[in-house]
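Student: Given the coordinates of chain A, assemble chain B onto it according to the supplied hints.
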Amino acid sequence: AQSVTQLDSQVPVFEEAPVELRCNYSSSVSVYLFWYVQYPNQGLQLLLKYLSGSTLVKGINGFEAEFNKSQTSFHLRKPSVHISDTAEYFCAVSDSGGYQKVTFGTGTKLQVIP
Amino acid sequence: GAVVSQHPSRVICKSGTSVKIECRSLDFQATTMFWYRQFPKQSLMLMATSNEGSKATYEQGVEKDKFLINHASLTLSTLTVTSAHPEDSSFYICSAPGQYYEQYFGPGTRLTVT
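Chains as they are written, first to last, in our numbering: chain A, 1 to 114; chain B, 1 to 114.
In case anyone wonders, no lab produced these hints; they're calculated from the structure. As the structure is a computational prediction, the values presented were derived from the model and not from experiment. Glycine included, every Cβ here is placed at the ideal spot set by N, Cα and C. Keep in mind that the hints are not guaranteed to be accurate.
Unchecked claim - A few chain A positions that, by computed beta-carbon distances, are all more than 10 Å from chain B:
id, residue
1, Asp8
2, Glu16
3, Lys58
4, Lys109
What the hints assert, rightly or not - In the DSBU-like style, the derived pairs of lysine-lysine whose C-alpha atoms are separated by at most 35 Å in a straight line are:
id, chain 1, residue 1, chain 2, residue 2
5, A, Lys101, B, Lys14
6, B, Lys64, A, Lys109
7, A, Lys101, B, Lys20
8, B, Lys66, A, Lys109
9, A, Lys109, A, Lys69
10, A, Lys69, B, Lys14
11, B, Lys41, B, Lys64
12, A, Lys58, B, Lys41
13, B, Lys66, B, Lys20
14, A, Lys58, A, Lys101
15, B, Lys55, A, Lys101
16, B, Lys55, B, Lys41
17, B, Lys14, A, Lys109
18, A, Lys58, A, Lys109
19, B, Lys55, B, Lys14
20, A, Lys69, B, Lys66
21, A, Lys101, B, Lys64
22, B, Lys41, B, Lys20
23, B, Lys64, B, Lys14
24, B, Lys20, B, Lys55
25, B, Lys14, B, Lys41
26, B, Lys66, A, Lys101
27, A, Lys109, B, Lys20
28, A, Lys109, B, Lys41
29, B, Lys20, B, Lys64
Said to hold, decoys possible - On the chain B side, residues computed to face chain A include the following (Cβ under 7 Å):
id, residue
30, Thr57
31, Ile93
32, Pro107
33, Gly108
Just chain A, with the same shape it has in the complex:
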């Protein structure tokens, strides 16, 4: 079984400032890691994913994340946020066995302040 922990339920940040959203996971098997974004009253959109290879993954809208196996982390970062980045961000994990059942973290609300 897997679990995902997002330590921060809310992160306020000023516009154009950098941001890091933290995610830690636990699993007894190899995993795939994902970040999804949810805008109000909408479904989730994929920001980026880590399957294998380079541990630094770049996604859409200027976001990137780094997979750290020793620390079992997959933190999301953006060097300069915009008002439009205000949304809920979910870290997720699935096992690499191919079943694709996904476990989500509890989400982090990113509030960009003008």
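Tutor: Positioned in the frame of chain A, the structure of chain B alone reads:
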């Protein structure tokens, strides 16, 4: 990218009635779809895995007789909430797995039971 639609986007029903929610993969086939429930300001809770041509697999604690799932074709899965009660009010989201282990999510259905 792949598109998943849900219908309706919002529904209000009276207590005791049944409501059907449709999830369609518009430009790809999905032998598997997932149904989630999301409470306000909380993460997605996986309810069940919908398998084309066979019975759905329900997560522990989810009443299969209350949440009927039918996956009759490679592009359509339906979730029927039977004898709905106010506590069933929630945001229901479906997803279908993509080719590279990501999930494509529908926009969600807001169910309100009065």
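Student: Against each hint, give a clear statement of whether it holds in the structure.
Tutor: Hint-by-hint comparison with the structure:
1. Asp8: Correct as stated: the minimum Cβ-Cβ distance to chain B is 14 Å, above 10 Å.
2. Glu16: 27 Å, holds
3. Lys58: Fine: 15 Å to the nearest Cβ keeps A/Lys58 off the interface.
4. Lys109: A/Lys109 is in fact no farther than 10 Å from some Cβ atom of chain B, at 8 Å.
5. A/Lys101 to B/Lys14: 33 Å, holds
6. B/Lys64 to A/Lys109: 32 Å, holds
7. A/Lys101 to B/Lys20: 23 Å, holds
8. B/Lys66 to A/Lys109: The hint holds at about 32 Å.
9. A/Lys109 to A/Lys69: 25 Å, holds
10. A/Lys69 to B/Lys14: 49 Å, violated
11. B/Lys41 to B/Lys64: 25 Å, holds
12. A/Lys58 to B/Lys41: 27 Å, holds
13. B/Lys66 to B/Lys20: 12 Å, holds
14. A/Lys58 to A/Lys101: With Cα atoms ~23 Å apart, A/Lys58 and A/Lys101 stay inside 35 Å; holds.
15. B/Lys55 to A/Lys101: 16 Å, holds
16. B/Lys55 to B/Lys41: With a Cα-Cα distance of about 31 Å, the restraint between B/Lys55 and B/Lys41 holds, given a limit of 35 Å.
17. B/Lys14 to A/Lys109: This hinted pair holds, its Cα atoms lying about 32 Å apart.
18. A/Lys58 to A/Lys109: The hint holds at about 21 Å.
19. B/Lys55 to B/Lys14: The hint holds at about 28 Å.
20. A/Lys69 to B/Lys66: 41 Å, violated
21. A/Lys101 to B/Lys64: Answer holds: A/Lys101 to B/Lys64 is near 18 Å, not above 35 Å.
22. B/Lys41 to B/Lys20: Within the cut-off at roughly 24 Å; holds.
23. B/Lys64 to B/Lys14: 21 Å, holds
24. B/Lys20 to B/Lys55: Holds. B/Lys20 to B/Lys55 sits at ~17 Å (cutoff 35 Å).
25. B/Lys14 to B/Lys41: 24 Å, holds
26. B/Lys66 to A/Lys101: Judged against 35 Å, a Cα distance of about 22 Å means the pair holds.
27. A/Lys109 to B/Lys20: Given pair A/Lys109, B/Lys20 holds - Cα atoms ~31 Å apart, limit 35 Å.
28. A/Lys109 to B/Lys41: Given pair A/Lys109, B/Lys41 holds - Cα atoms ~9 Å apart, limit 35 Å.
29. B/Lys20 to B/Lys64: 14 Å, holds
30. Thr57: 9 Å, violated
31. Ile93: Check passed: Cβ of B/Ile93 comes within 6 Å of chain A, closer than 7 Å.
32. Pro107: Holds - the Cβ of B/Pro107 comes within 7 Å of chain A, reaching about 4 Å at its closest.
33. Gly108: Where the cut-off is 7 Å and the nearest Cβ of chain A is about 5 Å from B/Gly108, the hint holds.
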